[in-house]
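J.: Taken in order, these protein sequences are the chains called H and D.
Going by the working numbering, the letters in the first sequence line up with residues 141 to 253, in that order.
Going by the working numbering, the letters in the second sequence line up with residues 17 to 130, in that order.
No lab work stands behind these hints, which were simulated from the structure alone.
Some hints could be false.
[What the hints assert, rightly or not] When the alpha-carbon atoms are kept at most 20 Å apart in a straight line, the in silico SDA-like pairs for lysine to any residue are as follows:
{"hint": "1", "chain 1": "D", "residue 1": "76", "chain 2": "D", "residue 2": "21"}
{"hint": "2", "chain 1": "H", "residue 1": "241", "chain 2": "D", "residue 2": "78"}
{"hint": "3", "chain 1": "H", "residue 1": "241", "chain 2": "D", "residue 2": "35"}
{"hint": "4", "chain 1": "D", "residue 1": "129", "chain 2": "D", "residue 2": "64"}
{"hint": "5", "chain 1": "D", "residue 1": "76", "chain 2": "H", "residue 2": "243"}
{"hint": "6", "chain 1": "H", "residue 1": "241", "chain 2": "D", "residue 2": "76"}
{"hint": "7", "chain 1": "H", "residue 1": "241", "chain 2": "D", "residue 2": "74"}
{"hint": "8", "chain 1": "D", "residue 1": "76", "chain 2": "D", "residue 2": "32"}
{"hint": "9", "chain 1": "H", "residue 1": "241", "chain 2": "D", "residue 2": "32"}
{"hint": "10", "chain 1": "D", "residue 1": "84", "chain 2": "D", "residue 2": "21"}
{"hint": "11", "chain 1": "H", "residue 1": "241", "chain 2": "D", "residue 2": "61"}
[What the hints assert, rightly or not] Far from chain D, by Cβ distances over 12 Å, these chain H residues were calculated:
{"hint": "12", "residue": "146"}
{"hint": "13", "residue": "177"}
{"hint": "14", "residue": "182"}
{"hint": "15", "residue": "219"}
{"hint": "16", "residue": "224"}
[What the hints assert, rightly or not] Which chain H residues stay away from chain D? Per the calculated CB distances, all over 12 Å, these:
{"hint": "17", "residue": "143"}
{"hint": "18", "residue": "151"}
{"hint": "19", "residue": "155"}
{"hint": "20", "residue": "160"}
{"hint": "21", "residue": "178"}
{"hint": "22", "residue": "179"}
{"hint": "23", "residue": "202"}
{"hint": "24", "residue": "210"}
{"hint": "25", "residue": "222"}
{"hint": "26", "residue": "234"}
{"hint": "27", "residue": "245"}
{"hint": "28", "residue": "246"}
{"hint": "29", "residue": "247"}
Where is the CB? At the ideal position from N, CA and C, for every residue including glycine.
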Amino acid sequence: NAGVTQTPKFQVLKTGQSMTLQCAQDMNHEYMSWYRQDPGMGLRLIHYSVGAGITDQGEVPNGYNVSRSTTEDFPLRLLSAAPSQTSVYFCASSLGATNEKLFFGSGTQLSVL
Amino acid sequence: GDSVTQMEGPVTLSEEAFLTINCTYTATGYPSLFWYVQYPGEGLQLLLKATKADDKGSNKGFEATYRKETTSFHLEKGSVQVSDSAVYFCALSDGKAAGNKLTFGGGTRVLVKP
Chain H
141 NAGVTQTPKF
151 QVLKTGQSMT
161 LQCAQDMNHE
171 YMSWYRQDPG
181 MGLRLIHYSV
191 GAGITDQGEV
201 PNGYNVSRST
211 TEDFPLRLLS
221 AAPSQTSVYF
231 CASSLGATNE
241 KLFFGSGTQL
251 SVL
Chain D
17 GDSVTQMEGP
27 VTLSEEAFLT
37 INCTYTATGY
47 PSLFWYVQYP
57 GEGLQLLLKA
67 TKADDKGSNK
77 GFEATYRKET
87 TSFHLEKGSV
97 QVSDSAVYFC
107 ALSDGKAAGN
117 KLTFGGGTRV
127 LVKP
């Protein structure tokens with residue numbers, strides 16, 4: 141059982157470049173989300189989705205886009221990378237939408253130069 | 017808005033020592049509280065949770081009690097092992113907003129030495 145799969149594991153970008161972080165889950169979870177992890181700040185919610193075709197903004201959405209065309213996939217797009225987006229990004233999913241256990245991927249370490 | 021405050025680390029312990037990681041929160045209503053653990057190179061995993069006041073969550077020898085009067089959810093383990101070396105995150109969910117959104121504390125790194 142693969143769980144939540146994130147690709148790539150590492151990425152280096154130049155300022156202004158765009159890229160997509162991939163996230164897929166095979167547990168038929170309705171809820172999916174993206175967090176970024178910065179030292180001393182814990183995890184902050186970027187975007188989330190409560191089902192296919194539905195997305196919404198979290199705490200720090202600026203500079204990121206998401207879409208949810210299928211239940212399985214929830215890609216995160218950086219439109220024009222900035223050094224402030226250097227971080228570790230985690231995708232998470234859960235079966236239900238409230239107080240349910242979150243399953244996390246292993247993360248993508250992104251550096252923007 | 018909601019917030020979670022954890023003690024700053026790193027916390028360095030010897031094997032078999034007692035571990036406490038303090039966590040306090042600010043939230044309206046009656047949030048659910050969680051501890052997640054992140055082992056090196058991995059994503060976060062749910063360690064334990066409590067959904068109402070005075071509930072005690074427990075797992076793998078770790079315990080935490082939901083104290084509404086002190087707005088706290090301190091994590092404890094009586095005898096740590098080297099394998100408990102990880103980063104521990106306290107988190108809350110207000111249970112009202114859509115999307116199973118969690119608010120996380122800053123994390124506490126724990127290093128257990130043999």
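J.: Compare the structure with the hints numbered earlier in the document and write down the numbers of the violated ones, lowest to highest.
T.: 1, 3, 4, 9, 12, 13, 14, 17, 21, 22, 26, 27, 28, 29
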